[in-house]
Amino acid sequence: MASTAIPRLTSPLPIRGATHKIHVTINDVPFDFMVEDRTLLVHFLRDALGMTGTHIGCDTTHCGACTVLLDDVPVKSCTVLAVQADGRKVRTVEGLESGGKLHPVQEGFTTEHGLHCGYCTPGMMMTSVALLAKNPNPTEEEIRRAISGNLCRCTGYVNIVKAIQHAAKASGGGK
Amino acid sequence: MTEVIPPEFEYHAPGSVDEAIGLLQNSGEAKVLAGGQSLLPLMKLRLAAPKTLVDITRIPKLSYVNETTDCLCLGATTKINDLNDSALIRNRYPLLADAAQHIADPLVRNMGTVGGNVCHGDPGNDLPACMLAYGASYVVRGPKGNRTIPAQGFYQDTFVTSLDPSEILVEVQVPKAQPGDGGAYLKMERKVSDFAIAAVAVQLRTDSRGTVNQAGIALTNVGPTVLLASQAAGQLTTKKPTNADILAAGKLAAEAAQPNSDLRGPAEFKRGVVQTLTQRAVKLALWRAGGMS
Ligand SMILES: Cc1cc2nc3c(=O)[nH]c(=O)nc-3n(C[C@H](O)[C@H](O)[C@H](O)COP(=O)(O)OP(=O)(O)OC[C@H]3O[C@@H](n4cnc5c(N)ncnc54)[C@H](O)[C@@H]3O)c2cc1C
Ligand code: FES
Ligand code: FES
Numbered sequence: 100m101a102s103t104a105i106p107r108l109t110s111p112l113p114i115r116g117a118t119h120k121i122h123v124t125i126n127d128v129p130f131d132f133m134v135e136d137r138t139l140l141v142h143f144l145r146d147a148l149g150m151t152g153t154h155i156g157c158d159t160t161h162c163g164a165c166t167v168l169l170d171d172v173p174v175k176s177c178t179v180l181a182v183q184a185d186g187r188k189v190r191t192v193e194g195l196e197s198g199g200k201l202h203p204v205q206e207g208f209t210t211e212h213g214l215h216c217g218y219c220t221p222g223m224m225m226t227s228v229a230l231l232a233k234n235p236n237p238t239e240e241e242i243r244r245a246i247s248g249n250l251c252r253c254t255g256y257v258n259i260v261k262a263i264q265h266a267a268k269a270s271g272g273g274k
Numbered sequence: 008m009t010e011v012i013p014p015e016f017e018y019h020a021p022g023s024v025d026e027a028i029g030l031l032q033n034s035g036e037a038k039v040l041a042g043g044q045s046l047l048p049l050m051k052l053r054l055a056a057p058k059t060l061v062d063i064t065r066i067p068k069l070s071y072v073n074e075t076t077d078c079l080c081l082g083a084t085t086k087i088n089d090l091n092d093s094a095l096i097r098n099r100y101p102l103l104a105d106a107a108q109h110i111a112d113p114l115v116r117n118m119g120t121v122g123g124n125v126c127h128g129d130p131g132n133d134l135p136a137c138m139l140a141y142g143a144s145y146v147v148r149g150p151k152g153n154r155t156i157p158a159q160g161f162y163q164d165t166f167v168t169s170l171d172p173s174e175i176l177v178e179v180q181v182p183k184a185q186p187g188d189g190g191a192y193l194k195m196e197r198k199v200s201d202f203a204i205a206a207v208a209v210q211l212r213t214d215s216r217g218t219v220n221q222a223g224i225a226l227t228n229v230g231p232t233v234l235l236a237s238q239a240a241g242q243l244t245t246k247k248p249t250n251a252d253i254l255a256a257g258k259l260a261a262e263a264a265q266p267n268s269d270l271r272g273p274a275e276f277k278r279g280v281v282q283t284l285t286q287r288a289v290k291l292a293l294w295r296a297g298g299m300s
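Line by line, the protein sequences give chains A and B. First residue of the first sequence? That's 100 in this note's numbering, and the numbers climb one at a time after it. First residue of the second sequence? That's 8 in this note's numbering, and the numbers climb one at a time after it.
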């Protein structure tokens, strides 16, 4: 992805209201953009940048499919304005793999079958990455608490927990 | 797919509280934006349509958890998860620690703020009951300067507080924990991230013989606002509460509740939940009061 993107307005509706210029670093790449003030971070990522890895599930702050890291902290990007991310770092699922190598969390989800339909997976993985950064050695209870804001309608969570434990072990932690 | 986006507004990110107050005063239909976890969902559903949002989270020195000589001071933009990360709160303010763990879900708690939770005025918010039970105060600043409002007079009706539209809550002051204090927050919820079916905050101050000198009991999501159950609290004070007192306090709390039947259950069920949770929370608070030296 080019490091100097052309400023583009991002609302899925015609721009009607006030706009702001924002500077955001997304997966280590800095961007300067004009956004309408009411543009949500998830729409900015998906519609302006074409980064559709971040999913929209409920659009009402309930499911966590839209989870991204804002300054390393997992948040629901359907309930954050793009202008709130001005001057900050955003990490999305597209930023996990590096140099053709999957992130340990991605390895974990693959190896332990941590997904069925995959809809919740990007959000679930971003939450997992943040958990392991803060607590490299989580107990099952701590894992279950950490992912309690991310809903999965397929797996029953058992394999998701195993996937995160797998990633913890692969990264040197793991209980 | 149709996308759910808020109606148009102008966003401002002032660098000081006074600048923020100026913006609130001089722009029509302006609202404070903190974590946005209550306000943005309302705007997306078009249940709220402010013309101006004043983001206070970029104002320096408004996010902190400090204990001074007489209070625990919480800055308005302190994140709810900052309470969960604080050893001071875990060790000395168990009522607050219980509640903060059960607000919404971890992702919402990473954005949602203490100030937003106490100012929103939703009877389902969990921190207001804690603040009533503690006898906490809110420091608010407006065009005419600072004033301090006791939490107990703050909640007037659903989504209606005694805050003026151009005032900003800057700090929550909780009386400093003393040896012999004990508190507990018990919440019954259908699932993670749901508001309470009912929840009960209990805060007790005991002396070295176990006599309760002060008690605060408050109820979440069983009325138009958070409710103080003063008679229930009165049942426990000036004595060492017996089992009969604790049972009576539960009954009095259930009588103080004003629940509606809704998707979280019939009113009578909710009264029963209040009764049981009150009894359990009082026992837990007494036990903790004995343990905190
Ligand atoms: C899925 C979901 C589940 C939830 N479950 C719970 C729950 O179980 N318990 C619970 O307590 N809450 C719950 N919430 C609400 C969440 O905790 C609140 O959004 C949060 O506490 C409010 O804080 P905020 O910083 O996000 O406020 P905002 O949404 O930014 O603001 C809320 C209101 O307060 C005003 N305001 C904010 N800060 C100030 C200030 N300093 N001075 C004056 N006015 C101010 C705003 O103008 C607005 O009217 C839930 C939210 C979601 C989305
Ligand atoms: S799409 Fe954001 S929480 Fe469901
Ligand atoms: S894998 Fe389908 S929702 Fe989680």
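The set of hints was computed from the structure by calculation and includes no laboratory data. Treat the hints loosely; a few may be bogus.
Here are a few chain A residues that sit away from chain B, every Cβ distance over 12 Å (derived from the structure) [claimed, not checked]:
#1 126
#2 157
#3 229
Taking lysine-lysine pairs in the DSS-like style, the calculated list, with each CA pair at most 30 Å apart, reads [as the list claims (entries may be wrong)]:
#4 A:120 with B:246
#5 B:183 with A:188
#6 B:247 with B:258
#7 B:258 with A:120
#8 B:198 with B:247
#9 A:233 with A:188
#10 B:38 with B:151
#11 A:188 with B:246
#12 B:246 with B:258
#13 B:38 with A:188
#14 B:58 with B:198
#15 A:233 with B:198
#16 A:200 with A:233
#17 B:68 with B:58
#18 B:68 with B:198
#19 B:198 with A:261
#20 A:261 with A:233
#21 A:268 with A:188
#22 B:183 with B:58
#23 B:151 with B:183
#24 A:233 with A:268
#25 A:200 with A:188
#26 A:233 with B:151
#27 B:198 with A:120
#28 A:120 with A:200
#29 B:198 with B:246
#30 B:198 with B:151
Over 10 Å on every C-beta distance to chain A, these chain B residues come out as not near it, computed from the model [stated by the list, open to error]:
#31 10
#32 11
#33 29
#34 44
#35 64
#36 152
#37 165
#38 200
#39 245
#40 251
Using N, Cα and C, we set each Cβ at its ideal position, and we do this for glycine too.
Do the hints match the structure? See the list:
no.	hint	verdict
1	126	holds (19 Å)
2	157	violated (9 Å)
3	229	violated (9 Å)
4	A:120 with B:246	violated (63 Å)
5	B:183 with A:188	violated (37 Å)
6	B:247 with B:258	holds (18 Å)
7	B:258 with A:120	violated (57 Å)
8	B:198 with B:247	violated (36 Å)
9	A:233 with A:188	holds (17 Å)
10	B:38 with B:151	holds (18 Å)
11	A:188 with B:246	violated (55 Å)
12	B:246 with B:258	holds (18 Å)
13	B:38 with A:188	holds (26 Å)
14	B:58 with B:198	violated (34 Å)
15	A:233 with B:198	holds (25 Å)
16	A:200 with A:233	holds (22 Å)
17	B:68 with B:58	holds (27 Å)
18	B:68 with B:198	violated (35 Å)
19	B:198 with A:261	holds (22 Å)
20	A:261 with A:233	holds (18 Å)
21	A:268 with A:188	holds (27 Å)
22	B:183 with B:58	violated (40 Å)
23	B:151 with B:183	holds (28 Å)
24	A:233 with A:268	holds (15 Å)
25	A:200 with A:188	holds (22 Å)
26	A:233 with B:151	violated (43 Å)
27	B:198 with A:120	violated (40 Å)
28	A:120 with A:200	violated (34 Å)
29	B:198 with B:246	violated (38 Å)
30	B:198 with B:151	violated (44 Å)
31	10	violated (5 Å)
32	11	violated (4 Å)
33	29	holds (18 Å)
34	44	violated (6 Å)
35	64	violated (8 Å)
36	152	holds (29 Å)
37	165	holds (20 Å)
38	200	violated (6 Å)
39	245	holds (40 Å)
40	251	holds (37 Å)
Checked against the numbered hints above, the structure violates hints 2, 3, 4, 5, 7, 8, 11, 14, 18, 22, 26, 27, 28, 29, 30, 31, 32, 34, 35 and 38; every other hint is satisfied.
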